[in-house]
Amino acid sequence: MPLLEQIIQLEKEALERIGNSDSLDLLNAIQVEYLGRKGKVTAVLKQLKDVPPEKRQQIGAAANKLRVKLESLLKEKQTSFADLGPKTIFDPTLPGTASRAGAPHIINQVMGEICQIFYGMGFEIAHGPHVETDYFNFAALNFPPDHPARDMQDTFFVEGGRLLRTHTTPVQSRILAERKPPIKIITPGLCFRYETITTRSHVAFHQVDGFMVDEGVTMADLKGALVAFCREYFGEGLKYKFRPSYFPFTEPSAELDISCFLCNGKGCQLCKYSGWLEILGCGMIDPSVLEHAGIDSEKYTGYAFGTGVERPAMLKHKITDIRMFFNNDIRFLRQFT
Amino acid sequence: MKLPYSWLVELSGSKWPAEEMGDRLTLCGTACEDIEPTARYFDKIVVGKVLDIKPISGADKIRQATVDIGKEKLNLVCGAPNLEVGQKVAVAVIGARLAGGIEIKKARIRGIESSGMICSESELGISQDHAGILVLDDSCRVGKSLVKALDYDDYIMTFELTPNRGDSMSAIGVARDIAALSSSKISRPKFKIKPSKEKAGKYLKVEIEDKSACPRYAARIIKDIKIAESPWWLKKKLLMCGIRPINNVVDISNFVMLECGQPLHAFDLNRFGSNKVVVRRARKNEMFKTLDEKEHKLSPEVLLITNGKNGVAAAGVMGGFDSEVRPDTTDILLEAAYFNPAVIRRSRKFLNMTSESQARFEKGIDPNGLEYAIDRAAYLFQELCGGSVLSGMVDCYPKKIAPRKVAFRPQRCNDLLGTDYKTSLMKKVFKDLGFTIAGSNAGTNDKKLMVVVPTFRPDIEREVDLIEEIVRIRGYAEIPDQVGNIGPLFTPIHPQDKFKEDIRRLMTGQGFDEIMGHGFDDSRLAALVNPGQPLLKISNPNSVELNVMRNSLIPFALTVMKNNIAQRNLDLCLFEYGKVYFPPDARGNWREEYRLLILVTGQTQQTWRDKSRRYDYYDLTGVLENLSSRFKMPKLEFTGSSIKCFDSELSFEVKCDQKVIGKIGKIDKAIAARFDIKQAVYIAELPIPDLLKLCDNSRLFEALPIYPASSRDLAIVVDETVKAGDIVSTVREAAGKLAEHVSIFDLYQGKQIAKGKKSLAISISYRSSESSLESNQVDERQRLVVGSLKKEFNAEIRDK
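Top to bottom, those sequences are chains Z and D.
First residue of the first sequence? That's 1 in the working numbering, and the numbers climb one at a time after it.
First residue of the second sequence? That's 1001 in the working numbering, and the numbers climb one at a time after it.
The hints are simulated quantities; they were obtained by calculation from the structure and are not laboratory data.
Model, not experiment: these values are computed from the prediction.
We treat Cβ as the ideally placed atom computed from N, Cα and C, and that holds for glycine.
You may find that some hints are simply not true.
To be verified - List time: in silico EDC-like cross-link candidates among lysine to aspartate or glutamate, alpha-carbon distance up to 16 angstroms:
1. K1349(D) x D146(Z)
2. K1349(D) x D154(Z)
3. K1199(D) x D1224(D)
4. K1448(D) x E298(Z)
What the hints assert, rightly or not - Between beta-carbon pairs, the in silico distance windows are:
5. A1566(D) x Q269(Z): 26 to 32 angstroms
6. E1036(D) x G235(Z): 30 to 36 angstroms
7. I1706(D) x D25(Z): 41 to 47 angstroms
8. I1753(D) x R56(Z): 20 to 26 angstroms
9. P1081(D) x G235(Z): 55 to 61 angstroms
What the hints assert, rightly or not - Computed footprint of chain D on chain Z, listed as stretches where at least three residues anywhere in the stretch have a Cβ under 8 angstroms from a Cβ of chain D:
10. 36 to 48
11. 91 to 102
12. 152 to 161
13. 318 to 331
Input sequences plus hints: build the corresponding full structure.
Laid out in structure tokens, this is it:
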């Protein structure tokens, strides 16, 4: 029989047998019979060398095509038997093999969550330079030269006459100088202070500051916005208290404490047995800050607030050492995938 | 600042328990951080009398004492050098628990039984002093409990005060807030000086050269005093305030300062050097020795108290050594002054020294409060040191500082706070604070009050300061929480923020962990990685490891890698989206820029199914290609370039649209070694602004193909120097528009082929948007491809 016909015959025969096979053993036998070293298809391929060259390609291609087809059919059917699996034992407990996703840095996650909540309340996200002028970082925010308030924020200075911003509030100075009210902004980012690096303090940390300026903005609006934020971020049902504080750029100024979410205000190690956690500083924007920016402080009023990011992150996730954030040990980072 | 609860009760008449007092003060801005019982360690401590002391053989530091504690006589071993027979001492009996966690048990020391302990101040928790035992006043009755004998049952309240509230840095200052909160009045102690006939003015004149730096300087002279230990009541007050008693003169000055906030300084009149006080700026390079025996080279930044010739005190900061009160002092010149807060701040910074006095002057004291302070101190010198107070106070006060009048509109107050307070209520708050309302002739009317603010509150200058007083005393709880004003309705998201979020998603999705830098670098490492590049230097670094701002994300990434390797985290896929900083350019423009860094090192994860392999360069380019396709950027190219931090063989510029947009390569071995890194590290760093410019956010839909694709595989052998990228472009060119995809799916070098050659398998997928392709059309194209490859690269086609 000419080889080409043999091939057609073999195909017909093999397809039928594969179709009728009902066990993995049978399939394996068929595989050997056709595709094995001494198999029928292999035999055809071996004869190719005797075929005249002008026909060789056509026959060769047909034989190869058959080989490929049988291989794939056999494999498909073998797999289906394997899936049914009375013969091979399938182990469902072997670990899955998907590749793992990376972890966004926990500080970025927390900063994102905080911004998201304020974004939902209509605050636009804005940024400013990390290397700032004394004017935007201090003077425009009512820190007079030679005022003790400057000692509240120990500053790194850089060559060339600027400084590393000690808070993200200079973004407020910049935006107030550029825009007209109504303005409602949130400013997340990195800040720097001249501190000793310990478990609780670092030379760099993150802050989210926010402010709003419009006609008729009151301290009640400030309380409303911050209480809404705390409920959203730390959970419903917490108690809060505002107590007087001092920041040069707000007056009146306040500190917001929330009841400790770990012990519900009963007192525990987290809240140092006080039942309260200090969360953020806030107040009504000092009229002199508005005037510095050329905004009429009789017509417009505003509020401002600011919170660290590391501290709420440490509280919420029970992280005990602030240095972990910049140390970037992947075992730490991956806990917050 | 620490103050005993009893003192505040004494001055304010308050009936609030300590806890409540602390809470209320905190809620009015005088933050009480801690309340601690004073006699926490006084349980089972009694007064004893030392009857007898015997040495212990073989021990020269410890002795054995017989101590009478009333009910019994105890045998105690004691190491204190100041133990003497006849002393009254504090004895901790069995079961007492002392500060620092010591529990008293029966013990044998050097074979001698000791059934208790004679205590030092530090063991009782009343000071840090543990040099010797506490010696009690002889009036203490033997056997009495120590807490009763010392009258020591109290609470210490620790206050954390804000820098604007200089007025509350004293017992009277805090008592004023308590009085304001409870609508009562403070009661200051009453006293009477019996002045001698001699006039102080005979001994002293005061001249002020710089009147804005020193608006007021007053002095009194007290003669014939005897320096001695202070009585217990005075020492107790100081101890409770955390201040070490020294002698009666120093203690009285400190006590009066703690009581009313006015710092005082006592000079030895006989060592003063003249009968004239001259207040002036220090001269450049003028030398001055402070009482802690430090020599200072001064500058006009420092305000100096002089005797007309030499400095006797750095005004408001610290007294001088030469005129210091010593054990033989008999006559004193007592100074009470008011200095400009900003001047004291500059002096303090120049001298780099702080003190209790300086802290008060710097925050602002009452210029009209110093008569009380100086008289109170003079009275105590008379009573406790046997001094004779010369009549008259020498007072140089050229321009009296009058109470300020501040206009206040009740309506404005309610508008700002969102409250509904009646004017009468606001007036009451001012009255409780000790403020008065001027009459209509001074400008008060229905809509506006002229509030007269006493000089002890220099922080209140404007209407808004008065509004703060209202809310501070009423409490923030009275302000409703509501959102009445919602502001702008539209909140845009800026493209940079969106891009950052998109990058973060893309990178984490590919298994990369995000790291975060603090912006600082070690100049040595920064210069090593990026030699010759300008660095922004910190003028006042707090360590050499953090003395510049980074100009590349690479050194920090290597530091992070070093930390991880130290923890045996060897396989890392990291990225950072962070800022780098530059010094100002020649035109004075400052620049900082976000960059993206990607790092791979170590091995891929091994599973039971897949073998692990080393991460390499292609893992990075793969990520960059994903990035460029995600943001529809033009095709990326990687061209060889010698970049200092990379291995010269593996150092490339990343180009896109003919522009360099970053660098990629394998970190140079010697540099890696400086970070203790031995394994291969591949890093890419790309400035974000460049990436953002190349992003195409149009995201237009492309119609899906209608006709089937037809694919052909091809294996070729070429010289190993031939670049895959060139092969792919040649294939594309030859295959023409019909070639939809060209990919390289196998690379082989080894035994099967000749040395210096490599085999590549290429898959080409052909498709037409107009019709189904016939196999001869595809074969035709494929022949052209083979022809080009042979021509261009001398490629040899491998049979399959």
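Task: Those earlier numbered hints the structure runs against, lowest number first - done: 10
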